[in-house]
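Undergrad: Chains as they are written, first to last, in this note's numbering: chain A, 20 to 151; chain B, 97 to 239.
For the record, the hints were derived by calculation from the structure and aren't laboratory data.
In this text, all values refer to a predicted model and were calculated from it rather than measured experimentally.
One thing to keep in mind: the hints can contain errors.
Stated by the list, open to error - Taking lysine-lysine pairs in the DSS-like style, the calculated list, with each CA pair at most 25 angstroms apart, reads:
#, chain 1, residue 1, chain 2, residue 2
1, B, K169, A, K122
2, A, K121, B, K169
3, A, K122, A, K51
As the list claims (entries may be wrong) - The following label-pair restraints were derived from C-beta to C-beta distances:
#, chain 1, residue 1, chain 2, residue 2, range
4, B, V213, A, I52, 35 to 43 angstroms
5, B, V131, A, E77, 53 to 61 angstroms
6, A, C93, B, L128, 40 to 48 angstroms
7, A, F38, B, L237, 30 to 38 angstroms
8, B, L173, A, L99, 23 to 31 angstroms
9, B, R138, A, D96, 44 to 52 angstroms
10, A, D96, B, A140, 49 to 57 angstroms
11, A, L99, B, L155, 39 to 47 angstroms
12, B, V217, A, L22, 16 to 24 angstroms
13, A, N105, B, F148, 52 to 60 angstroms
14, A, E77, B, H113, 27 to 35 angstroms
Every residue gets a Cβ at the ideal spot worked out from N, C-alpha and C, and that includes glycine.
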Amino acid sequence: MKLSLETRALGWALLAVLFSLGGAWLLAGSIKIMDGSNSVLMTRTSPEQSFAIINSPEIVDQGHQFYEMSCSQCHGDDALGDEGPNLHNLSISNARIAATIKKGIKGEMPTFAKKYDDDQIAALVSYLRSLR
Amino acid sequence: MTIDPSLWPKLHGASTHFPMALAMAAALFDGLGFVWPRSSQRKAQLHAAGYFTIILGALGTFPAVLSGLFMTKGETLGHDALLFHHLFVWPAFAGLVGLGVWRALMDDRASPRSFAVYLAVLFLTAGLMAGAGYWGGELILNS
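If we strip away everything but chain B, and leave its shape as in the complex, we get:
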């Protein structure tokens, strides 16, 4: 059976934007929830949105990484723009999976200090996802 060589780039393009958007949305929701001035229903709603978006974002990384690996025929680093893309992708993948699992287990039971650390890592991971997306775009536009 022959697989159309354009299948994996299409699947990668279709799957990769979800975890990027969800990681950034999770950072936004949980960040807003964290600084919300008083304990209220709105604060709880923001944290609930952050909870689900980070878990979905973590789950969304798997199809994105799988399709990327098949697209590049198992290349984990590469050269030029692909190398830069991967230098952002792997820490972002690790970060999102770790954050997703931690958040799924902790829900809203984390201490404010632990949650502040979680948020800092989440913002860093969202930045790494943005970097991965930027270099992914460079791969398409400048190649």
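Chain A on its own, in the form it takes in the complex:
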């Protein structure tokens, strides 16, 4: 049976879609695995580093960028609260802030453990600490 050119082109197009989507999903999985292994390594080599706060303007600025990307949607552009609570003058420890960002709050706040590594969470905490 000889297939028409249109049918063959459609077959190739579907194959290309399958490979492209499959490739994207495989790449996404690989990135997640690489990211996860980096975080584990970081925790093993320097357990205290996770919550170490460096108040350099660069780190705070980096934390601000992460805040804008992931947090301000719920906590407001100025972090004074919107759907989520006000984040100025937090009275909990740095470790607790970092743990909340990492693990989230069931039904209220998503987990960011896969999105940010320990250094990036520390930068976020540094930024939150700078809010007065």
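Add chain B to chain A, keeping to what the hints say.
TA: Just chain B, lined up with the frame of chain A:
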């Protein structure tokens, strides 16, 4: 080696507008070429423009998707605006790749009926790209 965390958002922003614009341009050129009243050089030119823009648009989706995946650390769905962005992105990506390959192989040899189906899918894909762009903008402006 440490990669600047702002590199991927910058690359995503730099690469993502090309496939969006090219998909819409391809829909415009091929749509106009399809309804052009008579067979003429202008009609052929419109289809030629549609041919190249859809192929370039399909190729342009790869850097956009790659940079997006690295930017979100492999997140394929996410939540809130990112989820909506992805719900448009993946069908649009699939659509553009499929349309690009089909058009590259068929060139101007498709029957009018097949080309009409191609155009309908192309307009749908251009709409999905616009939706992906809208939610991408929401991610930046409201985050």
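Undergrad: Each hint should be assessed against the structure and marked as holding or not.
TA: Taking the hints in turn, this is what the structure says about them:
1. B:K169 <-> A:K122: OK: K169 (chain B) and K122 (chain A) at ~17 angstroms, within 25 angstroms.
2. A:K121 <-> B:K169: Distance of about 15 angstroms is within 25 angstroms: holds.
3. A:K122 <-> A:K51: holds, 16 angstroms
4. B:V213 <-> A:I52: 35 to 43 angstroms: holds, 40 angstroms
5. B:V131 <-> A:E77: 53 to 61 angstroms: holds, 56 angstroms
6. A:C93 <-> B:L128: 40 to 48 angstroms: holds, 44 angstroms
7. A:F38 <-> B:L237: 30 to 38 angstroms: About 34 angstroms separates the Cβ atoms of F38 (chain A) and L237 (chain B), which means 30 to 38 angstroms holds.
8. B:L173 <-> A:L99: 23 to 31 angstroms: holds, 30 angstroms
9. B:R138 <-> A:D96: 44 to 52 angstroms: Given about 50 angstroms between the Cβ atoms, the range holds.
10. A:D96 <-> B:A140: 49 to 57 angstroms: At 52 angstroms between Cβs, range holds.
11. A:L99 <-> B:L155: 39 to 47 angstroms: The hinted range 39 to 47 angstroms holds for L99 (chain A) and L155 (chain B), with Cβ atoms some 45 angstroms apart.
12. B:V217 <-> A:L22: 16 to 24 angstroms: Check passed, 20 angstroms falls within 16 to 24 angstroms.
13. A:N105 <-> B:F148: 52 to 60 angstroms: Once the Cβ atoms are compared, 53 angstroms apart, the range 52 to 60 angstroms for F148 (chain B) and N105 (chain A) holds.
14. A:E77 <-> B:H113: 27 to 35 angstroms: holds, 29 angstroms
When the structure is compared with the earlier hints, no violation turns up for any of them.
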